[in-house]
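Student: Now for the letters of each chain:
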Amino acid sequence: MENDLKDALAARLLAMGDDEAILGHRDSEWCGHAPILEEDIAFANIALDEIGHAQVWYALHAELLGEDAASYPDELVYRRSAGAFRHAPLLELPKGDWAFSMLRQYLFDLYESVMLAKLADSQNESIAGAAIRIGREEIYHRRHTQTWVRRLGLGTEESNSRMQTALDALWPHVMELFRPLSGDATLIEVGILPNLGDVQTVWEAAIRPWLTESNLAIPEAIPSNYTRTHHTKHLATLLDDLQEVVRLYPEGSW
Amino acid sequence: MVAPMLTEKELWRVLEDVKDPEIPVVNLVEMGIIRSVTREDERVTVIITPTFTGCPALHTMQGDIATRLKQAGFSDVKVTVTLSPAWTTEWITEEARAKLKDFGLAPPPRHTGDFELVLVESAACPYCGSHNTRINNTWGPTPCRILYYCDHCQQGFEQFKPL
Ligand SMILES: [Zn+2]
Numbered sequence: 184m185e186n187d188l189k190d191a192l193a194a195r196l197l198a199m200g201d202d203e204a205i206l207g208h209r210d211s212e213w214c215g216h217a218p219i220l221e222e223d224i225a226f227a228n229i230a231l232d233e234i235g236h237a238q239v240w241y242a243l244h245a246e247l248l249g250e251d252a253a254s255y256p257d258e259l260v261y262r263r264s265a266g267a268f269r270h271a272p273l274l275e276l277p278k279g280d281w282a283f284s285m286l287r288q289y290l291f292d293l294y295e296s297v298m299l300a301k302l303a304d305s306q307n308e309s310i311a312g313a314a315i316r317i318g319r320e321e322i323y324h325r326r327h328t329q330t331w332v333r334r335l336g337l338g339t340e341e342s343n344s345r346m347q348t349a350l351d352a353l354w355p356h357v358m359e360l361f362r363p364l365s366g367d368a369t370l371i372e373v374g375i376l377p378n379l380g381d382v383q384t385v386w387e388a389a390i391r392p393w394l395t396e397s398n399l400a401i402p403e404a405i406p407s408n409y410t411r412t413h414h415t416k417h418l419a420t421l422l423d424d425l426q427e428v429v430r431l432y433p434e435g436s437w
Numbered sequence: 246m247v248a249p250m251l252t253e254k255e256l257w258r259v260l261e262d263v264k265d266p267e268i269p270v271v272n273l274v275e276m277g278i279i280r281s282v283t284r285e286d287e288r289v290t291v292i293i294t295p296t297f298t299g300c301p302a303l304h305t306m307q308g309d310i311a312t313r314l315k316q317a318g319f320s321d322v323k324v325t326v327t328l329s330p331a332w333t334t335e336w337i338t339e340e341a342r343a344k345l346k347d348f349g350l351a352p353p354p355r356h357t358g359d360f361e362l363v364l365v366e367s368a369a370c371p372y373c374g375s376h377n378t379r380i381n382n383t384w385g386p387t388p389c390r391i392l393y394y395c396d397h398c399q400q401g402f403e404q405f406k407p408l
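From first to last, the protein sequence lines are chains A and B. With our numbering applied, the first sequence closes on residue 437, and no number is skipped along the way. With our numbering applied, the second sequence closes on residue 408, and no number is skipped along the way.
Since the hints were derived computationally from the structure, they do not count as laboratory data. Among the hints, a few may not be true.
Stated by the list, open to error - For each label pair, taking beta carbons as the anchor points, the in silico distance ranges come out as:
(1) 343/B / 300/A: 41 to 51 Å
(2) 334/A / 288/B: 51 to 61 Å
(3) 304/B / 334/A: 29 to 39 Å
(4) 417/A / 285/B: 22 to 32 Å
(5) 262/B / 431/A: 26 to 36 Å
(6) 434/A / 288/B: 30 to 40 Å
(7) 338/A / 330/B: 23 to 33 Å
(8) 283/B / 393/A: 45 to 55 Å
(9) 393/A / 287/B: 50 to 60 Å
(10) 393/A / 304/B: 37 to 47 Å
(11) 437/A / 257/B: 30 to 40 Å
(12) 262/B / 413/A: 52 to 62 Å
(13) 426/A / 321/B: 51 to 61 Å
(14) 330/B / 330/A: 27 to 37 Å
Glycine included, each C-beta is placed from N, C-alpha and C at the ideal position.
The shape of chain A in the complex, shown without the other chains (with noise of 0.2 Å):
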């Protein structure tokens, strides 16, 4: 493989393993407290779910760069700083309130279904295998948290009014999600990647009805400033939790 090819492919597995990672993990945080019972199993196995889904982005990723498959996934989780992240930062706003991380959930759900669909044809054979598997897998989510979106939006006015406050902040940051990374281009001449644009606009046409008919008003918002290499302040904190341990004892097992 040739080397602008190669740097290219590399980017974009690790952006798209650490989308993975850090949303697994802000949606690790409601693990004990959801509010019920039910909710916080349902939400504990969907955040081991993407954080099973990083491993295998990582996975490729550290095979394309020589590295270890098995353990390279630690090191770039536990020992990569704040300024090498490269994933969207919608994913790293702290988890707020139920219907926030709720509704996080559900915008990304839908966009990795977009995208895993349009990555089950990609001339990569690896990617196309690991997209088909994991694509399975997020059937199970994004129907969940479709049907939570619906629940709440057009339950009691509090649900609603709590549904539209996170809508009204997780907007402005789903931008994010489509802004492509230096490389992707020629990753899309190739045939490997699919053109954002194209997924942006089946993500839109299948979000846009969705919330509307939850009795959710989309708002008219300017896309953030934030890209997958400016994130926002609350990435060095996500990190000081996610590491705490591994900077505590640097050659610590288990």
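With chain A's structure known, arrange chain B with the ligand on it following the hints.
Tutor: Just chain B with the ligand now, kept in the frame of chain A:
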């Protein structure tokens, strides 16, 4: 130590002793988790695939397979993980489905690839057979189980999630 003279077919039979760590009534062969077993001189290579990508039991399975083959006399054992083709509940044998049901875990419904279609059907209660059942939660004690409640015999049960 010289490795025993077992054919690959016999190796498959040895591996039928390795149980699913989360559902100990079924083994990893009939669950479709073990994808291939090959022998090259002293070395045995086993390829497995996880049911769910984030399956926390994967490392236990790898260890259990290696342990069983070492008991059988093989000291050079390699257990690797593949993700493609993706595991599907269609690979669970009929025999294993019956064992799951006896265990109180409703077997996953058959599907032809598009399992989202079968999600609208209610599961048959493994205790009384009634279809008067409803989903309590899409996730249970593990990512691969759905929590159901049977309104007929008023008993909670779990279904192996179609995938
Ligand atoms: Zn029953």
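Student: The structure should be examined with respect to each hint, and the outcome stated for every one.
Tutor: Results for each hint:
1. At about 35 Å, the beta-carbon gap between residue 343/B and residue 300/A misses the expected band of 41 to 51 Å.
2. Hint check: residue 334/A to residue 288/B, Cβ distance near 55 Å, so the stated range 51 to 61 Å holds.
3. With their beta carbons about 37 Å apart, residue 304/B and residue 334/A fall inside the hinted range of 29 to 39 Å.
4. Evaluation of the 22 to 32 Å hint for residue 417/A and residue 285/B yields a failure: the beta carbon distance comes to about 52 Å.
5. Evaluation of the 26 to 36 Å hint for residue 262/B and residue 431/A yields a failure: the beta carbon distance comes to about 42 Å.
6. Evaluation of the 30 to 40 Å hint for residue 434/A and residue 288/B yields a pass: the beta carbon distance comes to about 33 Å.
7. A C-beta distance of roughly 41 Å is found between residue 338/A and residue 330/B, which places it outside the suggested range of 23 to 33 Å.
8. Evaluation of the 45 to 55 Å hint for residue 283/B and residue 393/A yields a pass: the beta carbon distance comes to about 48 Å.
9. Separated by about 58 Å at the C-beta atoms, residue 393/A and residue 287/B satisfy the suggested range of 50 to 60 Å.
10. For the pair residue 393/A and residue 304/B, the supplied restraint of 37 to 47 Å holds, since their beta-carbon distance comes to about 38 Å.
11. Range check, residue 437/A to residue 257/B: about 34 Å between beta-carbon atoms, so the 30 to 40 Å window is met.
12. At roughly 55 Å, the beta-carbon separation of residue 262/B and residue 413/A lies within the given 52 to 62 Å, and the hint holds.
13. A C-beta distance of roughly 38 Å is found between residue 426/A and residue 321/B, which places it outside the suggested range of 51 to 61 Å.
14. Restraint check, residue 330/B to residue 330/A: a C-beta distance of roughly 30 Å satisfies the suggested window 27 to 37 Å.
Going through the hint list in order, the structure does not satisfy hints 1, 4, 5, 7, 13.
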